[in-house]
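Q: Given next are the chains, with one letter for each unit.
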Amino acid sequence: MENRVIYTENLTKRFGNFTAVDHISFEVEKGEIFGFLGANGAGKTTAMRMLCGLSHPTSGKGSVAGFDIAREPEKVKQNIGYMSQKFSLYEDLKVWENLRLFGGIYGMKDKKIVSKTNEILQELGLEKERETLVKSLPLGWKQKLSFSVSIFHEPKVVFLDEPTGGVDPVTRRQFWELIYQAAERGITVFVTTHYMDEAEYCDRVSIMVDGKIEALDSPKNLRQQFGATTMDDVFQQLARKATRKAD
Amino acid sequence: MVALSANNLNKSYGTVQALTDLSLEVQKGEIYGIIGPDGAGKTTLFRILTTLLLADSGTATVDGLDVVKDYKQIRKIIGYMPGKFSLYQDLTVEENLTFFATVFHTTIEENYHLIEDIYKQIEPFKDRRAGKLSGGMKQKLALSCALIHKPTVLFLDEPTTGVDPVSRKEFWEMLMRLKSQGITIIVSTPYMDEATLCDRIALIQDGEFLKVDTPQNIIADYPHTLWAVQASQMHQLLKDLRDCPFIQSSFSFGETFHVTLNNDATPGQLKDFLAEKSYSDIAIQEIEPTVEDCFMLLSKKENNGK
Numbered sequence: 001m002e003n004r005v006i007y008t009e010n011l012t013k014r015f016g017n018f019t020a021v022d023h024i025s026f027e028v029e030k031g032e033i034f035g036f037l038g039a040n041g042a043g044k045t046t047a048m049r050m051l052c053g054l055s056h057p058t059s060g061k062g063s064v065a066g067f068d069i070a071r072e073p074e075k076v077k078q079n080i081g082y083m084s085q086k087f088s089l090y091e092d093l094k095v096w097e098n099l100r101l102f103g104g105i106y107g108m109k110d111k112k113i114v115s116k117t118n119e120i121l122q123e124l125g126l127e128k129e130r131e132t133l134v135k136s137l138p139l140g141w142k143q144k145l146s147f148s149v150s151i152f153h154e155p156k157v158v159f160l161d162e163p164t165g166g167v168d169p170v171t172r173r174q175f176w177e178l179i180y181q182a183a184e185r186g187i188t189v190f191v192t193t194h195y196m197d198e199a200e201y202c203d204r205v206s207i208m209v210d211g212k213i214e215a216l217d218s219p220k221n222l223r224q225q226f227g228a229t230t231m232d233d234v235f236q237q238l239a240r241k242a243t244r245k246a247d
Numbered sequence: 248m249v250a251l252s253a254n255n256l257n258k259s260y261g262t263v264q265a266l267t268d269l270s271l272e273v274q275k276g277e278i279y280g281i282i283g284p285d286g287a288g289k290t291t292l293f294r295i296l297t298t299l300l301l302a303d304s305g306t307a308t309v310d311g312l313d314v315v316k317d318y319k320q321i322r323k324i325i326g327y328m329p330g331k332f333s334l335y336q337d338l339t340v341e342e343n344l345t346f347f348a349t350v351f352h353t354t355i356e357e358n359y360h361l362i363e364d365i366y367k368q369i370e371p372f373k374d375r376r377a378g379k380l381s382g383g384m385k386q387k388l389a390l391s392c393a394l395i396h397k398p399t400v401l402f403l404d405e406p407t408t409g410v411d412p413v414s415r416k417e418f419w420e421m422l423m424r425l426k427s428q429g430i431t432i433i434v435s436t437p438y439m440d441e442a443t444l445c446d447r448i449a450l451i452q453d454g455e456f457l458k459v460d461t462p463q464n465i466i467a468d469y470p471h472t473l474w475a476v477q478a479s480q481m482h483q484l485l486k487d488l489r490d491c492p493f494i495q496s497s498f499s500f501g502e503t504f505h506v507t508l509n510n511d512a513t514p515g516q517l518k519d520f521l522a523e524k525s526y527s528d529i530a531i532q533e534i535e536p537t538v539e540d541c542f543m544l545l546s547k548k549e550n551n552g553k
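Sequences listed follow chains A and B, in order. Each residue of the first sequence is one higher than the one before, starting from 1 at the first, in the numbering used here. Each residue of the second sequence is one higher than the one before, starting from 248 at the first, in the numbering used here.
Derived by calculation from the structure, the hints in this document are not laboratory data. What you are looking at is a predicted structure, and each value in this text was computed from that prediction instead of being measured. One or more hints might be untrue.
Below, in silico cross-link-like pairs of lysine-lysine (DSSO-like), each with a Cα-Cα straight-line distance of 27 Å or less [said to hold, decoys possible]:
#1 K241/A / K524/B
#2 K112/A / K75/A
#3 K416/B / K220/A
#4 K416/B / K116/A
#5 K486/B / K30/A
#6 K86/A / K331/B
#7 K220/A / K385/B
#8 K61/A / K94/A
#9 K128/A / K212/A
#10 K275/B / K319/B
#11 K486/B / K241/A
#12 K212/A / K416/B
#13 K86/A / K416/B
#14 K212/A / K379/B
#15 K220/A / K524/B
#16 K331/B / K135/A
Chain A with its partners taken away, still in its complex shape:
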């Protein structure tokens, strides 16, 4: 039980007569890198919003970081990290001020914020940029800083929504190393991406089609199961079956 960081059972969300998320059930373990794939409109964002405590399920249940997503959404929010492609950093604040702000929001002690700030700037090689305004950082650095901010309060799980969109190929790979490091420290990583090579870097991958999870396994097993050489093949086989006209 302790190792189960995300758990859902028949989790469902309806908008009127449209079932955006249709009875999804899965579990993610501590320290696991879990890839959450699907075509646009398959229901990924809606599912992710429920898991982050931002949207109330219509039916079914789920827990994240040990808290019930329907009954304790505020607790869920306090115990997760979140990063999207649109970085949530404040452009007009300096690098250290951003870390200070997010640490404060999550109720961290001042001392802890100071030591953790030094630690992170050293890890990222950003010590010299401590006093730099975030808006003048290169995109790749912003992205790495944004990820560090999302796990600054050492959440049990971090949700990454297309974190690598638009960045150059070298930076994209460096970013995945940060993800590995976080996972090695025991942080569970829940990530969406449209880069199918990145699906390979996950421990397990689920693929959503029309609101349902149609496949869930390690990339290697999925490739075998679908007789495919790449995850892109697997994805194309599944997503082409989609009947939703929404996208």
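Got chain A sorted already, so can you dock chain B onto it with the hints?
A: This is chain B only, laid out in the frame that chain A set:
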């Protein structure tokens, strides 16, 4: 036949140099890809070529017309789909299309054949407001609106960003059909796998072209032998490949690592090196580089993945 040319374009925003001495020439009927990450200067280049922004220096022509002097005529003959959704959110799908047709003194009926493939997919929703459409439908509507006046040159700025692999494939199939109708297409993308679908590509980073050629030639010019390496324990493998003294570069590529070796090293040596570290299922295979391999090699960033 040259559809578009640019010579030594420079543009800076304050102290930021967005484009540096950029030149290009696009032939009629070509699909020309501008491939590079965010912040490389793709949108600045598009805005200059579509007469929406003045370069600090340099010249450019579209269909023989000068982007500064003849901007009014250029605007009549080009279609432009910006990266950011720029249609009228409060107008319906059909109203948007009618609006763009009317502005260009034409009608939907007159050029329906051009957009039919694309538009018929969103036609069932023609009474829906554009702001209420999903991402993929917005993209199709924006492309229809950019095409309705039958442009000779079509500019598409990151049309597939944030779009899933299946929809991206469909979008490129649509572009191929447009090309077959003789429309010249300039398209930018951060997805390196789309590069091979273009006739020619320019790899762009930090406001400069790293290389311009056909995707096939760019791949053929890759100067090293590239090996795909696989073994048990892929996470650990990354670190060990990095520590391996005779490896030149190593990048993760989905289910394998793409590795180049120092001149005198052999794949047999690498296999021994890994076997000694007690890896099993070691597979080392020579492969053809992808455009992404080429981009990383040409990229000025001091990084070889080690």
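Q: Hey, K331/B versus K135/A, does the alpha-carbon distance stay inside 27 Å?
A: Given that 27 Å is the threshold and the Cα spacing comes to 20 Å, the pair holds.
Q: So if I understand the rule, the pair passes when the alpha-carbon distance is 27 Å or less; does K86/A with K416/B pass?
A: Given pair K86/A, K416/B holds - Cα atoms ~25 Å apart, limit 27 Å.
Q: Mind checking the alpha carbons of K486/B and K30/A for me, to see if they're no more than 27 Å apart?
A: holds, 23 Å
Q: Measure nothing beyond the straight line between the CA atoms of K220/A and K524/B; if it is 27 Å or shorter, mark the hint as holding.
A: Holds, at roughly 23 Å.
Q: So if I understand the rule, the pair passes when the alpha-carbon distance is 27 Å or less; does K61/A with K94/A pass?
A: violated, 41 Å
Q: Does the alpha-carbon distance linking K275/B and K319/B stay inside the 27 Å limit?
A: Status holds; Cα separation ~21 Å.
Q: If you draw a straight line from the CA of K128/A to the CA of K212/A, is it 27 Å or shorter?
A: violated, 47 Å
Q: K212/A and K416/B were given as a pair; does the straight-line alpha-carbon distance stay at or below 27 Å?
A: holds, 22 Å
Q: Going straight from one Cα to the other, do K416/B and K220/A come out at no more than 27 Å?
A: holds, 24 Å
Q: Given the proposed pairing of K220/A with K385/B, does the C-alpha separation stay at or below 27 Å?
A: Between K220/A and K385/B the Cα gap is close to 35 Å, so the pair fails against 27 Å, i.e. violated.
Q: If you draw a straight line from the CA of K486/B to the CA of K241/A, is it 27 Å or shorter?
A: With Cα atoms ~39 Å apart, K486/B and K241/A exceed 27 Å; violated.
Q: Can the restraint linking K241/A and K524/B be considered satisfied, given a maximum Cα separation of 27 Å?
A: violated, 44 Å
Going through the hint list in order, the structure does not satisfy hints 1, 4, 7, 8, 9 and 11.
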